[in-house]
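Chemist: Given next are the chains, with one letter for each unit.
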Amino acid sequence: MGIIGVIQFPGVNCEVETARSIRGLGYRAEVVRWNQSEGLLDRYAGFILPGGFSYQDRVRAGVIAAREPIVETLCEAAERGMPILGICNGAQILVEAGLVPGKTNRVEAALAPNRNGVRTGYSCQWVWLRADGSNSFLANTLTDGAVIPMPMAHAEGRFVSRDPAVFDEFAERGQIPLRYCEPDGTIATEWPSLPNGALQAAAAVSNPAGNVVAMMPHPERAAYLHQVPDWVPVWGDRKRALVNGDPTGLFEAGPGAKILEAFCLAVERGVQ
Amino acid sequence: MIEIPLDISLALGEIEAVKKLLGREPSDVELQIFDVLWSEHCSYKSSKPLLKEHLPVTGPTVVQGPEEDAGILSFTEWQGVHYGVVIGHESHNHPSQILPVEGAATGIGGVVRDVICMGADLIGVLDPLRFGDPYGPNGEECVAIARGVVSGIAQYGNALGVPNLGGDLFFDGSFDKNCLVNVVALGLLECDRIVNSAVPKEAKSEPYVLVLVGKPTDSSGFGGATMASKVFGEDHEEGENRGAVQIPDPFLKRVLNVALREFYDRMDARRIPFGCKDLGAGGISCMASEIAERGGFGIELDLDAAPVAEDLPAHVLAVAETQERYGLAVPGRWADDVLKLFNEEFALPTIYRGARAAVIGRFVNDPVVRISHKGELVCDTTVAAITTGAVADRVEGVFAPKPYVRTLDTPFDPASALRSMLGSVNGASAEPIFRSYDTEVMGNAVVRPGEADAAVILPVHGCPVGLAVTVDGNPWYTDLEPHKGAALAVIEAARNLAAVGATPIGLTDCLNYGSPEDPVVYHQFAAGVRGIAEAASRIGLRDDPKYPIPVVSGNVSFYNQSENGGAVKPSPIIAMVGTIADASHATTLRLKDPGNALYLVGNRYDDLGGSLYDRVVRGGMGGNPPKIRYDEERALIHFVSRFVEEGLVRSAHDISRGGALMAMAEMVIAGDSHFAKRGLRADFAPLGEEIEYERTLFGESGGFLLEIEPDVEERFRERAHERRVALYRVAEVTGQDELTIEGPGLAPVSWRGEEMRTIHQSALAELFPGV
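Protein sequences, first through last, are from chains A and G.
According to the working numbering, the first sequence holds residues 1 to 272 in order.
According to the working numbering, the second sequence holds residues 1001 to 1771 in order.
If you're looking for bench data, these hints aren't it; they were derived computationally from the structure.
A couple of the hints might just be wrong.
Claimed, not checked - Per label pair, the in silico range of CB-to-CB distance: (1) G:GLN1736 - A:ALA146: 50 to 56 Å; (2) G:THR1758 - A:ARG238: 28 to 34 Å; (3) G:GLU1431 - A:GLU38: 43 to 49 Å; (4) G:LYS1204 - A:ARG269: 28 to 34 Å; (5) G:LYS1204 - A:GLU252: 48 to 54 Å; (6) A:ILE187 - G:GLN1736: 26 to 32 Å; (7) A:ARG115 - G:ILE1272: 51 to 57 Å; (8) A:THR186 - G:ILE1272: 35 to 41 Å; (9) A:ARG115 - G:ALA1415: 34 to 40 Å; (10) A:GLY117 - G:GLY1080: 36 to 42 Å; (11) G:GLU1692 - A:THR186: 15 to 21 Å; (12) G:LYS1201 - A:VAL118: 57 to 63 Å; (13) A:THR186 - G:ARG1353: 18 to 24 Å.
For glycine and all other residues, C-beta sits at the position ideal for the given N, C-alpha and C.
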């Protein structure tokens, strides 16, 4: 099967562990520098835009990287139906490039500064996500209503649009595959479960075709069991149970592996 | 050209010494270079002899001691590769007081360069911080500085992509005019791929050149080292020193670090020997002469070849501390390849104005330092002259114990005492601060800041050996007894590692004091160095006790003193790293299962001097900090780290700030009111009939609280008996979100978990609402 390209824009900083987590699932991944766009669509079968601070969030997070020539190639890939996953800063780039929500191929949404009534600015914390009627590749591994814990770390993660009603439409059309929720699956309405005030409690938004997904939380930071804090229900208990077992259990799949696996399966199946 | 005058702080006698060394009048550039090199910051002129005399720097865990930018400790072998942990420790106190955001950010920037230039990948940073009293006479200024510092750490560390693995925090009036911002950086490398800050010996037979890569040199940070070697005057806020603070650029640093990794890999793959040195204090001239000297060569430097942001006079160009720069010693025939890597493949000039790699000099066999600028030879001396260190004779004063003064007349009331401590800035949860830091990036986390007494990561993917790290130091102890306080910082660090099941492999120290010219301060410093050496030796390595815990790197920061604020409380800060064979056994302080027993491990003594209780509840000052009983401490620490490492302890917390009751409260607070309610029901009867509750509950004598499952208890007791460790089964884990205590002569008292949680969070949430 094809190789997954993890795009390294200047200033991103999660490319190494993102590629490592993909390899951990048994797939091939390579880190690709942003200025190596030649032959991209021939060599790679899917792309991940990892987290970080591309171009130091100058002007606005993701906006400069979204104007790099390689993004035009990514737009072509998206149109061909190739799977693309943007994580955190990668999500911001996809939104700034107009690839997500992608209704009109214009920039229709933004990732605005967090607003939660409690803390301002950057927050690094674990959140719960509920899989929700997705038309995207995430449905490859996540059934509706599944709840997965995952860390997030961002200052600008509030999905917004000039017309909030478009997010209601996105939700109806299955373009909000992941929503912040309480540990029991109830959609989050306040801090800390809703960390940033996103419309529809959106943690991820996809394009209408479902092959491009922009998500703010970091699946690669929850790809292995050792990464899960021991207070997280179910997964934390599993981690604790390792005490009497085999130390390689530390590297068993964590909750975020489901997201990455869903992407890899889409890559494996090829353009649909 | 911009006019910037010389900035000389050398004493007259020192200027004479320069003349003598050169055998003539120094040029402006030479004078400026010596000014930086002989500053306290660069030369360690007041501290070097003491450090050399006392600190243990060798042992079975040492790969490389304190010779270069950072020390290297043996971490583990995995799949045929010997991995080392690089550790560096720096202070950025003076800059942070003047420009908190930039000062703190460049503090991280500087120390991570020390680690990266050794060939390592960065794997973590920690930040011990000391701020002034937010509710004192300078409260507003102190809060603004504290917020700025946190913001600077967040901005730089988060963008750089390095996880924050902890820190420690004190607020005290002695830091009102001199905050302390220390930074610890950790890196990982393969021990057969260490990069040295030296021109390789191959330069004897083939020409080597010096490549400068990174940000274009500007005048920022000109005078930085000198500023850090002076007492703040009354008027420093007026901006006289602002230009001496460097400007941070984490974005460029990230790209540079990625590019450097590629550079190291390619050079190693081609088996080309090379050297790398970061640029810090003393800028280009310091870097160039050090990298030459270590290889036994000389350097001819052309300042006109250095990429600049503006046209600068030679004496500024030679020493400015512009951030985000590295120097590389590479064979001349590979120079074009190296430039292409940075300038074309990573496109430095395109993504950052003026940034690039350029050849700025060549190494020569003669041990000379020749610097030319605009066709003129502006410095012409020898490596020996430049690297001749300055030494300053300092006088050590006599220790004067402080009498105990109690300012509050409060009766013994544990119920309200605990609430006051939890809600005090020095007892509160630091979570509102570390939420602003990325603790997850790199994906190596096992135990995060706040979850236990030390952080644990898995730096080698696939390998179960955990790396644990902590930073400690208590200015209240050191203020009362400088020697004991410093020793206690080492012991507390070892305890924190033991609580997660790790055992120390080495430490670094950052020694923050006032002016060494003051005999009282110099005594505090000297006593601190001796205290660290004593504790490192007497605790020793667990698995090889004849060896001390080695001190592989460190930093001395003097002149943390201002004309109107006096000297800071002596602040030796210890960062300690340890290993745990199977990281899945690492414990956290969250209580696990109802029905388990909670043991108090270690005796309680009359140790309330310098305690949080004394400070917050009795308004006390002075008295005796915890007495050190080395035999007991060593047995306790090694016993606990072994038992946890074997996977036999369910939760663990060491007893430190706030004493045993505070530790119990923190274990309950670490739970929650939703998922699995956990609490403690304590009965102190096992401690005897006549219990002095004040010292039992609040004394800070070393010890631990360990949660043990019923079927492990017998083994636990037997093992403790063998090791002569005192144990008291003082509590049981319950299914209620509540802490309850009682005992002979003590009526039951209880605190609801949710209430404690709210109090514990609020003090710092108010001061740090986010960055």
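Chemist: Could you run down the list of hints and mark each one as holding or not?
Modeler: Status of each hint after checking the structure:
| no. | hint | in the structure |
| --- | --- | --- |
| 1 | G:GLN1736 - A:ALA146: 50 to 56 Å | violated (31 Å) |
| 2 | G:THR1758 - A:ARG238: 28 to 34 Å | holds (30 Å) |
| 3 | G:GLU1431 - A:GLU38: 43 to 49 Å | holds (47 Å) |
| 4 | G:LYS1204 - A:ARG269: 28 to 34 Å | violated (60 Å) |
| 5 | G:LYS1204 - A:GLU252: 48 to 54 Å | holds (53 Å) |
| 6 | A:ILE187 - G:GLN1736: 26 to 32 Å | holds (30 Å) |
| 7 | A:ARG115 - G:ILE1272: 51 to 57 Å | holds (53 Å) |
| 8 | A:THR186 - G:ILE1272: 35 to 41 Å | violated (60 Å) |
| 9 | A:ARG115 - G:ALA1415: 34 to 40 Å | holds (39 Å) |
| 10 | A:GLY117 - G:GLY1080: 36 to 42 Å | violated (54 Å) |
| 11 | G:GLU1692 - A:THR186: 15 to 21 Å | violated (50 Å) |
| 12 | G:LYS1201 - A:VAL118: 57 to 63 Å | holds (59 Å) |
| 13 | A:THR186 - G:ARG1353: 18 to 24 Å | violated (50 Å) |
Violated hints, in rising order: 1, 4, 8, 10, 11, 13; the structure is consistent with all others.
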